[in-house]
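K.L.:
From the two separate chains plus the hints, produce the assembled complex.
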Amino acid sequence: MSKKAHGEATKASHVPLGLFTAALFSLIFIAIPLVYLLRRALEGNWRSLSALLFREKTAQIFTTTSSLVIIVSLMASILGVSLAWSLHNVKIPMRNLQQALVILPIAIPSYVFTFSWISINPSISGFWAAVFILVLSTTPYVSLAALSGLRRVDWSQHEVAMTLGLNPFRTFIEITLPQIRNSVAAGTLLVALYVLSDFGAVALLGVDTFTRSISNLYRGSFDRSSAAVLALILVLLSATLIAIESRARGKARQSRNSARLLKQPILINSRGTKLAAQILIALYLALSLITPMGLLLLRFFNSAGTIDYPSLFSASISTIVAAFLGALISISLALPIGLLVLTGSRLGNLADKGVLLVHALPGIVMGLALVAFGSEFPWLYQTLGLLAFSYALLFMAKSVGSVRSALARVPQNLIDISATLGKSRAQTFRAVILPLAAPGVLTGSLLVLLAAMKELPATLMLRPTGFETLATEMWALTAISRFSEAAPYALFLVLIAAIPTFLINRPDRGSNEEGDIA
Amino acid sequence: MTSLEIRDLGVQFSGVSILHNLSLTVESGQFAAVLGPSGCGKTTLLRSIAGLITPAAGTIRFGKQLVSVSSLVLPPHKRNIGYVPQEGGLFPHLSVFENVAFSLGKLDKTEKAPIVEEMLNLVGLSGFEHRMPQQLSGGQQTRVALARALAMKPAMVLLDEPFAALDQALQAEISEEVAALLKRTKTTTIMVTHDREDALVSADVIALMRKGQVVQYGSPAEVYRQPISADVALSTGDVVTLPAFKDEGEEVTSPLHMHSFDLQPNGDLLIRPEEIRISLEKLDKGVRAEISKINYYGHDALLELKLPGYPIPIRARVAAPLDFTVGQEIYAHVEGPLRWVPRKATHQ
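Chains as they are written, first to last, in my numbering: chain C, 9 to 526; chain F, 180 to 527.
Among the hints, a few may not be true.
Said to hold, decoys possible - Sample of chain C residues lacking proximity to chain F, with all beta carbon distances greater than 12 Å (derived): (1) 47; (2) 163; (3) 202; (4) 273; (5) 286; (6) 351; (7) 421.
Stated by the list, open to error - So the derived label-pair ranges between C-beta atoms look like this: (8) C:175 to F:355: 51 to 61 Å; (9) C:275 to F:253: 56 to 66 Å; (10) F:254 to C:507: 37 to 47 Å; (11) C:172 to F:343: 26 to 36 Å; (12) C:275 to F:398: 56 to 66 Å; (13) F:303 to C:175: 52 to 62 Å; (14) F:303 to C:165: 50 to 60 Å; (15) F:349 to C:305: 16 to 26 Å.
Unchecked claim - Calculated Cβ distances over 10 Å to all of chain C for the following chain F residues: (16) 237; (17) 256; (18) 284; (19) 289; (20) 337; (21) 394; (22) 478; (23) 514.
By construction, these hints were calculated from the structure, which means they are not laboratory data.
Using N, Cα and C, we set each Cβ at its ideal position, and we do this for glycine too.
Excised from the complex, chain F in its bound form (with noise of 0.2 Å):
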């Protein structure tokens, strides 16, 4: 297994710049999860490491090695990547065990076998060699194309929204599984998704792209709990944006910390709703709040609450079982470190 590492990579398409400056650092054996909104260059990204586009700045290195520089560009097959487009893309007139043998060239059959056999254990789809890719279910696909993939002892496994075209129970399931068995054998893996959910459970770091850039990286921690603007918060999870003033002395104010606020605001609050607290006594901090929507979950529930002074309702997250009702009146309090932006800094 090797690392990538991209430097200031440039991709133009009829000269409509689809990446620009775009740098992006993955460690040996990590599963790394690029998360972005449809169109921010996300699979255009997976492309250029894969060789199948030609960047026109930036180079990309697999460990030691240069792949792309300027016009000399490593041709796809001589780079030993895997990889695995949405919904597999299996070679529909070929068999399991040939799609799974389809990298190992002149070996011959006594000597694929044990490989396929290997990988479709790996992906538990033992004695499935014979099947045709047509005969299998869409997350057995999946497996079989990454079995494919791993066959060839690739340096790095791309792996391009794999799970958006099944059923969402299904999505889950093959999502873990395949995150684990990756994990396991330290393969390197760069995964493209706008999927939050699936980011956040399978990586081990997020690299959030916005219009051709990494725009925040780290792990999903940190990239959920430090989120740099409203708008990258948003793409990890709900997000309550309030404004806010900061004081000389660091102090945070906002609609939330006081009774009718009417300070100028200098910044916004970014407050994810299950960091606010609801109790039904008046503590020391938080404003008096009415309910005024319940939207029930099952496992938990978001509330609507109005607060006084302050036209927007906002929502906090709470668990289940539930003993509220519309109309209510209760006490909201944030808790938990405060993440103040400023207001130029945010893209709302």
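One chain only, chain C, in its complex shape (with noise of 0.2 Å):
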């Protein structure tokens, strides 16, 4: 009953008036892509545009578009599940840090997986080396949802099971897969908006998806709103894919038991399944981390003499201050609309719709949004302003998702309890709300500067004259096969990320909320 009392107290109290301009504010920023996007798609001449919706190129891009993505997300959820029930189950030597070195990958943008397995072998091309490298790189999304889902499965229920007669398999069959379906289901649908939205891996092998297209047609055409009619179609298409994954993760989110203490597994010990286990894990880490990042090692102490570093310090600095910008902005839009969606007014429900529409944009898309927006505005085009702005909107939804939970996380009881002492609403916030959701918004500022420094298509259109970040020029030399050069920009670009990767990660802070990194 008290708890009913208290959603009553939220929503029956106004939203004050700051609050209320500052998320409107925010919420005009996210609607800028969206509304240059509609525009330059509608400028062109109408004729044409049909002609290049219905022609048969479009049905090829549509149909290796999905396959690719169908394929992806069946085959990294069933490696990620497998990798999350071996790493949660069994006994295996250094279990703690193999399940940070599982997700590591995550630090590793696809362009840079696909250009260290180039480099071993430059006539790696196609669809199916596309799936190879997809898979490798987005597994460690559903490996994380699987693992925390798995924390959360109660044991005792798996004992009573097999008392019941069921054996291990049946067992994780009927009782435990069930119970993580969900969080799996969260885990794939981020691994399918990875493939959707990827671009570095599918340029440089060559497999003509949406993403691809989008960028050739802004390149080789003076007739932008082609190129912005395909993005429209990708924003559906990935737009879909959203609201399927919030539906899963709403439902995800309702089976949590937080306030029991959950008996934890006896680890499987027998010899087989250990030796299997192992085996998997390190096989998925050769080919993940090992290989990558030895090959990155070997060519930038191979090349050592002659790599340029005044240009490799400065684009780290360029990636460092450019994401670091792009976080900031986007922490400081989120915080109102994190707010405000807690109030459960109708703006902020509209705001919470609003940031989904967002996160619906890939980087490419975000790119030739804000290209057409930047080319009114002369003053901004080709800015660092843009560009970490484009940073900002186009990581949205994480940090959002950050600040509400985080702020959903701090007990309305606090909150009743400082209001009895005497403090006003402005006060409790200052004094209660901010400082115990301050771990969770880090968290989130985190997460956008991780997503930041990797980003590429967006980085590519947006970037001012002269400004190189890890990522371009990396991909710049990549694009003239001079592999060696472009290896110290990879591994420094890799390196820079694994930082926030670990910081998130952090083992003091026990186990991992699902999702967080993704």
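P.N.:
This is the structure we're talking about:
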């Protein structure tokens, strides 16, 4: 009953004017890319657009893109769940370390993966190469979600099932899997979104998906509205995925039972299972972490004498500065929205949906939209500010999500007590809510920082002239097959991106919330 | 300290009525316990007093000040109420000192220190200023929460099942301490609880709640000894309910008064198990009974008695040491004033 009372009490209270204004301001910023994308698309001449829309090539792009999305999602989810199960249930040596390592490939952008494999074998290309590389780089999204799902399953249910005569395999299928299904679904949908918006891997491997075709149209023709039309189709596709994802996520949240201390599994110690699990994990790590990292290191040390250090350092600084600015803007736009969503007001619900819409914009589309926006405001076009703004919008869903869950985790109880102790709402916000939500808000900023460092397509389109980040330097050198020169940039990018990855998964923070890093 | 007066309070959530026509008065300096099963609305009552929810109807007064009437509701931070929720609700990011000083606002640290010291001294936790809440035991957390509530010199203190999370031995000790402290400082206190012993031991007055209303109000002895129904009687202790007949001469007859009771009952007799007396010899009152079961508790025991001609065994409390055996025949009678309630008034 008291829970119900909390809900009512919060809902009944009105939204303070300052918060309302701040959130409205954020919402207007969020609307910019969508508005400009639509304008660009509608500018074009309708006949040529419909020709573009209904030509055979478009159907081919659609088929290639959706096959890639479906195959990679399926394979990544099977691999991810197997890895998570092995890490959670089997008594392997240095379990915590191995768990951390399996998540680490998240710090490696898909184009760096592709680069490292291409530099081993330059003839790698095509659809199945893209499947191979994207499965390797997206599996951690599923492993992470499945692991946090598994941590919430009470082992005593497993024990009861065994006493009722189920063997371990059937117990997993009938008891455990249904309980982690929602987490796995959420992780898999993240994989699907990643593949849909990926640009680096498909571009390097010559696979004609929407992102590559948009980029080609944008660079190759004067009619930029064609690119915008393809971009709109892509947005529609990813919006569909996001709608499914947010629904799956909602269900996964409901099943959470945080109050009770759950019984953790008794680890499987049979030699056969241990060996199989260890081989699986080792194989994954060899392909996804050791090969690319080893290769980058090897190339780096082989060419140590010829490395252009000044440009390497300036690109590192540029990467950090742009990503940092992006994270800063993102979190300042996200805070009022997160607060507003929690008040349950109508504008709050609208803001919630609005954030999801921007989330549906892949990097290449965001680049396209903001180029259109910037072309009307020449003083903005190709500035660091606009680039950082694009990062902020691209990863807004991450920051709003973190801010929201951090704020929601502040117990209502403490807010009530603060009120009875004579603090006004503004005072309570400063003295209780903000300090308690700070770690979550910080995680949100780190997530944006990490994503912005790895971002490629929007950076290529929006960076100021002469402003090179690690990603763009590496990209330019790979495009002309100068692999040895590209390697140091890739290595530095992975090393710098590993810092926020490590901070987000800090071992002393205990188990992660599902999908935190995603 | 101030008195509390609630008149015809009504609270609704999404159309469901949680409290209706609830009235309650607590004198200044009194310790009142609100006792009732979970879901009866006692926490909602407390939150209405604190101003954390907006009632649909009724008035709440602190002394002469009207704090809640229809839509005009004084916000919680202007009510000067000390609220101690379950498990204390200490701010996890603040030290004990900062928690206790939380309500002291703009005072600077040198002004806060003596107040915090006095409060911690009061709850027996001097020297704990620099601990963090996670470093305290459950009982210590409750006491710090109380110190925090008292530091603001509140008009009254509200306790929401403050001891429910503590283990049983500690519960008795802390609740006794807290009650003694609040009475010593003449603090008007409203404590919500579902633990009948807690209420009986600590409170000056007890309000019994059922389905969103106060159904009985009085001193612990009154509500224990004169329950208005079997249901209400159960909330303050064990009760034996026997069918009974009351004639025009106010004479009450039950299976404990008459061998093979065969009258048409027009009411129920409510008896506390300790009011049933056992004797080995036949007295001029009482009936013969057989001991069918013994529940031994150490300090006392409950005997289950089978009365002739009455199908349901009844329970009698006897003090230790125990020299009865199962199957033994004894004589039983009721001692003390009889509580007879007419049939339609009972809830059974």
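K.L.:
Now look at each hint and say whether the structure bears it out.
P.N.:
Quick rundown of the hints versus the structure:
Against chain F, the non-interface label of residue 47 of chain C holds: every CB pair exceeds 12 Å, the least being about 44 Å. With 12 Å as the threshold on Cβ separation, the claim that residue 163 of chain C sits away from chain F holds: the shortest Cβ distance comes to roughly 25 Å. Taking the minimum C-beta to C-beta distance to chain F, about 36 Å, the non-interface status of residue 202 of chain C holds against the 12 Å cut. With a minimum CB-CB distance of about 27 Å to chain F, residue 273 of chain C clears the 12 Å threshold, and the non-interface call stands.
With a cut of 12 Å on Cβ distances, residue 286 of chain C stays outside the contact zone with chain F, its closest approach being about 37 Å. Every CB of chain F lies more than 12 Å from the CB of residue 351 of chain C, the least distance being 16 Å, so the non-interface label holds. With 12 Å as the threshold on Cβ separation, the claim that residue 421 of chain C sits away from chain F is violated: the shortest Cβ distance comes to roughly 5 Å. The hinted window of 51 to 61 Å between residue 175 of chain C and residue 355 of chain F holds, with their beta carbons roughly 55 Å apart.
Between residue 275 of chain C and residue 253 of chain F the C-beta distance comes to about 57 Å, which sits within the given range of 56 to 66 Å. Remark: the range hint 37 to 47 Å for residue 254 of chain F to residue 507 of chain C is upheld by a beta-carbon distance near 45 Å. Here the CB-CB span from residue 172 of chain C to residue 343 of chain F is close to 35 Å, well matched to the stated 26 to 36 Å. The supplied range of 56 to 66 Å is met by residue 275 of chain C and residue 398 of chain F, whose beta-carbon atoms lie about 60 Å from each other.
At roughly 57 Å, the beta carbons of residue 303 of chain F and residue 175 of chain C sit within the given window of 52 to 62 Å. A C-beta distance of roughly 44 Å is found between residue 303 of chain F and residue 165 of chain C, which places it outside the suggested range of 50 to 60 Å. Distance hint check for residue 349 of chain F and residue 305 of chain C: the Cβ-Cβ separation is about 59 Å, which falls outside the suggested range of 16 to 26 Å. At roughly 16 Å from the closest C-beta of chain C, the C-beta of residue 237 of chain F stays outside 10 Å, upholding its exclusion from the interface.
With a least CB separation of 5 Å from chain C, residue 256 of chain F falls inside the 10 Å interface cut-off, contrary to its annotation. In this structure residue 284 of chain F is not separated from chain C by more than 10 Å, as the shortest Cβ-Cβ distance comes to only about 7 Å. Distance check on residue 289 of chain F: its Cβ is at least 20 Å (rounded) from any Cβ of chain C, clearing the 10 Å threshold; non-interface status holds. For residue 337 of chain F, the requirement that its beta carbon stay farther than 10 Å from each beta carbon of chain C is not met, with the minimum near 8 Å.
Distance to chain C confirms residue 394 of chain F as a non-interface residue, since its nearest Cβ pair spans about 18 Å, more than 10 Å. Listed as outside the interface, residue 478 of chain F is consistent with that label: its C-beta sits roughly 35 Å from the nearest C-beta of chain C, beyond the 10 Å cut-off. No beta-carbon of chain C comes within 10 Å of the beta-carbon of residue 514 of chain F; the shortest separation is about 41 Å.
Consistency note: the structure conflicts with the earlier hints numbered 7, 14, 15, 17, 18 and 20.
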